[in-house]
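S.K.: Each chain, letter by letter, is given below.
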Amino acid sequence: QKEVEQNSGPLSVPEGAIASLNCTYSDRGSQSFFWYRQYSGKSPELIMSIYSNGDKEDGRFTAQLNKASQYVSLLIRDSQPSDSATYLCAVNLDNTGKLIFGQGTTLQVKP
Amino acid sequence: GAVVSQHPSWVICKSGTSVKIECRSLDFQATTMFWYRQFPKQSLMLMATSNEGSKATYEQGVEKDKFLINHASLTLSTLTVTSAHPEDSSFYICSAKVLRGLSTDTQYFGPGTRLTVL
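Residue numbers (my numbering), protein chains in the order written: chain A, 1 to 111; chain H, 1001 to 1118.
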């Protein structure tokens, strides 16, 4: 069974700190990786996608991918209380277009 | 760009009735749409893949006769929950995959439909 694993948290960080969210996946053939943010009662919104090993930066967000270790992470710099949400890691299976989601990590940014 | 809408945003119905949920891609064409269900405190679970002009592909354990999916055009997919029961109460979310232009394997999510079956 193809799986995506995340620590459910909650991960609590003070305002202005760096939040580090981690995700591992089981299918070595996975090619596309996504981070979504989901506020309570709302649907997921795309934060970042990453396809190649290494880092990808977009504003305060940096996604990191290591295919050899089957590991993808999301760093949030200068965390704000408005970043408090559940962060979902999703992996696109080969040639199917389907996304497999992790269970999500709840982030709490305290003022 | 890449806006997906859902209608209705919430619905309350009596047990045994059917409910139709619409998913529309507003500013792009989507040959493929996906339907997810999310129970409280849980992650999204893929129910089915909806392809324009063909039958939907259902995930294991999802009853295709209960959850009817129609993808009649490149911008509209519908999910009908037939003979709904209280255990079908959930947050139903659709997503659409961009056909061209933007990254073609990125899924954009609709705002979701909260279904409550009494």
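Hints are computed from structural coordinates only; laboratory data are not their basis.
Here the structure is a predicted model, which means the values were calculated and not measured.
Don't take every hint at face value.
As the list claims (entries may be wrong) - Going by beta-carbon spacing under 10 Å, a handful of chain A positions derived as facing chain H: (1) Gln6; (2) Ser32; (3) Asp55; (4) Leu88; (5) Lys98.
Built from N, CA and C at the ideal position, the CB exists for glycine as well.
S.K.: Hint by hint, note whether the structure agrees.
M.R.: Evaluation of the provided hints:
Given hint, Gln6 (chain A) at the interface with chain H, holds; its Cβ is 9 Å from that chain's nearest Cβ, closer than 10 Å. Checking Ser32 (chain A) against chain H by beta carbon gives a least distance of about 5 Å; that is within 10 Å, so the hint holds. For Asp55 (chain A), the shortest C-beta to C-beta distance to chain H is roughly 18 Å, which exceeds 10 Å, and the interface hint is violated. Because the beta carbon of Leu88 (chain A) sits about 7 Å from the nearest beta carbon in chain H, less than 10 Å, this interface hint is met.
Evaluation of the Lys98 (chain A) hint against chain H yields a held restraint, the C-beta minimum of about 6 Å falling below 10 Å.
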